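Sequences listed follow chains H and S, in order.
Read in order, the letters of the first sequence correspond to residues 1 to 569 in this note's numbering.
Read in order, the letters of the second sequence correspond to residues 1001 to 1075 in this note's numbering.
If you're looking for bench data, these hints aren't it; they were derived computationally from the structure.
Treat the hints with care, as some may be off.
[What the hints assert, rightly or not] If you want a taste of the chain S side facing chain H, the calculated C-beta under 7 Å gives, among others: (1) Leu1013; (2) Ile1014; (3) Lys1016; (4) Leu1018; (5) Phe1022; (6) Pro1024; (7) Phe1029; (8) Ile1046; (9) Leu1050.
Just so we're clear, the structure is a prediction, and the values are computed from it rather than from any experiment.
The beta-carbon is built from N, C-alpha and C at its ideal position, and this holds for glycine as well.
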Amino acid sequence: MSKEIIWKPSKDLVENSKLTKFLNFSKIQDYNELEKKSLTDPGWLWDSVIKFSDLKFFKPYSKIIDESKGIPWTRWCVDGKTNIVLNCIDRHKDKDFFKETFIFSEREDGTETSITYDEFNKIISKVGNTLKNNGFKKGDVIALYMPQFIETYIAYFSILKIGCIVLPLFSGYGSKAVIERLNIAKAKGIFTVEKTFRKAKEIRMFDQIKGDLDQVKSLEKIFLLGNDKGKKIFNWENFKNVSDKLKTEEMNAEDPAIIHFTSGTTGKPKGCVYTHIGLVTKMAFDEGILADFKQTDVHLCMADMGWMVGSKSATIASSHGAKMIIAEGVPDFPDELRFWKLIEKYKVTWTELSPALIRNQMTKDKKLFENLDLSSLRIICTGGEPWTEKPWKWLFEFIGKSKVPIMNSAGGTEVSGSILHCCLHRPFKVGSFNAPIPGMSADIVDSKGKKVSADQMGELVMRKSSIGLTKSLWNDDERYIKNYWKVIKNDLWVHGDLASKDKDGHWYLHGRSDDTIKVSGKRIGPSELESVIVKSGKVKEVAAVGVPDEGKGSKIILSIVPLESEKKP
Amino acid sequence: MKKNLKENLFIDLIIKDLGKSFKPDKVIFVRDLPKTRNMKIMRRVIKSCLTNEDPGDISTLLNPESVEEIKQHAI
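Let's have the full structure, built from the sequences with the hints guiding it.
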């Protein structure tokens, strides 16, 4: 990739950025000083982020950071009481925008709906009350297996409001993937839908898993948006006649709030645990301060709620009191240019997208774009997989007219946000990350843990915990330490990505350093694929690998050694 | 390219259990997979063979001959 500077922020942009306001608020000279101070004193940074973003607590914390049990077991906001819903919904109640739209939703058939913050607050109280009436208590796990509907967000925040733990699952998963995750998390409830549409194909989501749900012994209730009836099923319309008054549950700042599963090379999926204060603070910093997200922004991201970016989107817009656009289906159907037309129609200002989408869109006829007005866009965030030069340039030059910064970032489910990003105060290069995120103590080392020199490839590591970092792994402290904190040496977090840094301090990613596979940004472990094949009883051995693919980033190839009996004709 | 029946059988299993997003692009059938002496399958070696890259030092493998067969399936 070209290593030339391609874009420099204007003086005006720098001066008006939230980053500048944050630096002034924190009495810091510039980004360099912020990086340095955060490295030696991460507690200071996160405390400053919480104060600048005016995050609320039922009871204030006595101490921002406590490393006394060792770095992997760092505690944040000790003694503090809060709830994500307090910061994403409740605290907006006296604001003018509370009566305005929170979510605009488009179904694949073009049906439009929307909901205001006020209406949203009432309905999550109704659903929360119903959950309580059905015996759900603080700490119970409730899963979501839903497409991008407003109801998905309602379920998400209702669960959090009563102090239950929400487990969003990728809506494209097959039954085995869903059942396995429900069992690991011992889910007591699940919200799902009868059907959704994807490229005009009706997908009967509930039917796909219905027959297998009895394999989940912990499951007591199914909340269904749709007509199916049954013993455990609670139908959505029954939420109507319930009280819309409900006090948000006071949670310890680090009580688990959300579980997102991710995949490693071996073993079962790993449950990353986000806390009530962790995700919202990390988002306030990564997106609010560093990616300049404001209350006046209109947010669009088409990612599924089942991935970390789903929780990111839900939190970014709501914690700022902004508007967000959600859409059922895919970005290029029924209109090839659907994604851009959503931007035009809703005057989207801030979007998050994947390089895979751009590789798909850049092949379209340029004439189709001629009358499109994308002038509302001011920030394009990207992530999920490494960029290549052509699609990056197409997005920057053709879509953004060389004016809209492409805020490339890299992180992962484990950190509930980014480790590397693009700082709006520094020049940009094609596909690079021009800065590490302060407070993440990022570095690149060789297999012995020694810092690599400029342009050398090595393991992306972190030397400290951060407020958004997964609180261990769901019910698996041992694996948390073994998989991340002891790979090279004690107390060094190995992230599993290959990275390098050039002499100007620009960082680059080069794919996974382990055997996990990323298809269009979706991570899956080879063992999960292999176990499906082994289970068939028809093979002796199987190995799943990902090889580079122009469209999807990587594609899956299975190498199979058939059983002796299978070889014979 | 038309895929044979057996290949499709395994592809369909993945789609049903894990979802369409994880549909394998290709299934290859071989006699053996490269392994270390403690029987760990070397996915990295398989990957290099499939992408026509140098698999590195394979002399420590239990069955270095398995590499040649996989190379024939390179894409």
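_Of all the hints numbered above, which does this structure not satisfy? Sort the numbers upward._
Per hint list: zero violations.
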